[in-house]
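Peer 1: Here the protein sequences line up with chains A and B, keeping their order. FYI, the numbering used here numbers position 184 of the first sequence as 184, with every residue one higher than the one before it. FYI, the numbering used here numbers position 77 of the second sequence as 77, with every residue one higher than the one before it.
The hints are simulated quantities; they were obtained by calculation from the structure and are not laboratory data. We treat Cβ as the ideally placed atom computed from N, Cα and C, and that holds for glycine. Hints may contain errors.
Selected chain B positions facing chain A (Cβ under 8 angstroms, derived; list incomplete) [stated by the list, open to error]:
1) T75
2) I78
3) R297
Anything over 10 angstroms on all C-beta distances counts as not near chain A; from chain B, calculated [as the list claims (entries may be wrong)]:
4) T50
5) N136
6) D236
What follows is the residue order along each chain.
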Amino acid sequence: MKHYLKVYREFLNTCFSQAMSFRINFIFLIGMELIFYSTNLFTVDFIFDYVDTIGPWNRDQFLFFTAFMLTVDHMHMTFNSENFWWFSDDLKRGNLDFTLLKPISSIFTVFFRRMRPGTLPNIFTTWGLMIYFGSKLDFAWWAWAALPLLILTSYAFIISLEIIISISMFWLTEGHGVNFLRMQLQRFSQWPDFVFMYFTRKALTFFFPILLVGTAPVQLMFDASNWKYFILMLFYFGLSLITIKALWSLGLKQYESASS
Amino acid sequence: MHNSKYALRTHQLTKSFRSFKKKPGIKGTLQSFVKRDYTTKNAVDGFDVTIKHGEFIGLLGPNGAGKTTLMKMLTGIIVPSSGDIEVLGYTPSERHKIFRKKIALVMGQKSQLWWDIPAMDSFKLLQKYYEVTDQNFKNRVEELSELLAVKDLLHIHVRKLSLGERMKLELMACLLHEPEIIFLDEPTIGLDLVAQKRIREFLASYHKKNNCSVILTSHYMADVEALCERIVLIIDGKNSFDGSIHEFQNVLGRKKFVQFRFSEKVDNKASIWKDLDPEWNPAGNMVNLRIDESQLREKSQEILQSFPVSDFQTDKMPIERVMNTLLTRPDLVAKSAAQKAQQQAQQKNKDKA
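So that you can see chain A by itself, here it is in the shape it has in the complex:
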């Protein structure tokens, strides 16, 4: 673990060093992210100008859910998003070769190596928005205390699901289709489960449980009796870790690198 933390700290250093070589781009990314968050929140706010509730939730509940998911999305964008796009390229060009030589888990290097430090300052924006909208709701003290852990769990869960999808690139090689599928599923997760029709909701809760990412922790915060969904999410998280390990091992056997 200590070894991994030291390597990860160096990942951060090199990514910062790289990102700050291009100053305008660094600042530009911060601005673009702010526009993205505003668009999401204004869309929800705009809908509530015409309706009082969506499903069982009112405006404040829905805005909190959106801010919660923006916080998870922000972590994803900052720490992982780049890696999914690079992975396909690394497979095609054989750049995975050097990763496989390093005496550390190749999954760790592939999916956590590249960061987007330019988006990191927005951590204050996303957490600020989430706390602001949360303060309008009567959360119990334990809900506030559990919030950081719930965010981390949701983040870890969505990353694990996306890694499973990405591993298919070992067999497909061209990763654009896989990456678009991954992004579409990510979009599903940014809505609460009750907005989907019965069959879609069941499929995206039990077959490929992307809807649990946001719905399970937020429902738990709203009402402690919804703990079953959260336990289900933890179960699927454990299952996805086992699946990743097995699929990755198969994928590496399939890897052919590229001609020199």
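Following the hints, put chain B in place on chain A, whose structure we already have.
Peer 2: Below, chain B alone, put in the same frame as chain A:
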């Protein structure tokens, strides 16, 4: 604890790749989308080799012979289709952590250094990967940067460096963790002659000092001649020759390479050139010949008397020329191997007697 008598050993190592051919144009594209005719080719085919600790081996072969595929299997990057490999007592495809700490690979056509940051930042990351202590890292950077004369380049963004400078830093990156076995895949490719020479000198002195095992592939025969004690020739994925440079030079027989220059164009159809493998220049006033050692004096005298020779020089068969001949006539390798086996058998019989 993995102790092995050999640095590396392969047995019947094979790697097959499946690919399909696509006809040109939109029709071909649509056809290949619906139906693909796959072919399977053995990039490495039943390859056997044994390398002792501390040896410096040249792995030679034409493009597409399977050199890089072999290197990738030896380092555990790709998994063999069949056969066995043992490197430092480990099976590379199992990717054991200790095994990965003991090996290094440099690929002349790929870079492990980050393009947009100085090399030193990449080195620090490598330090963490390989768990090199701060003191060791400092000493190692100091020592290697001095040997490679790159001290001034460590803090410059890699993208700003020349190819030769980058290659020196690539070498440095791969040696920071003091690997026991180093795989060098065309480390001098694309470099000018001066840069090639410097890299060669560095590799020679590093090997001498550290006595690590090195497997080198290169298209530049000068690399192989300067560095390798032993040559392994790979043609169509098979080990076609395995022996010392001296033996390699004698694959085509005990022949000398002789070059004659003439003051005017001479008759290149004359019978004397027969059986001497003549290679003429376009102007017809210079010829390269291969003459058996026993006939050298007689043939040279005959040419000097019969033609207006302005200059001539003789040399042992240059390795590059041997290589070129073998690539166009792989049957000669088989012939040489058969002769070698026969000689060995005769020697054995003699010893017994």
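Peer 1: With reference to the structure, classify each hint as holding or not holding.
Peer 2: Now for the hints, and whether the structure bears them out:
no.: 1; hint: T75; in the structure: holds, 6 angstroms
no.: 2; hint: I78; in the structure: holds, 6 angstroms
no.: 3; hint: R297; in the structure: violated, 46 angstroms
no.: 4; hint: T50; in the structure: holds, 23 angstroms
no.: 5; hint: N136; in the structure: holds, 15 angstroms
no.: 6; hint: D236; in the structure: holds, 16 angstroms
Of the numbered hints listed earlier, the single one contradicted by the structure is hint 3.
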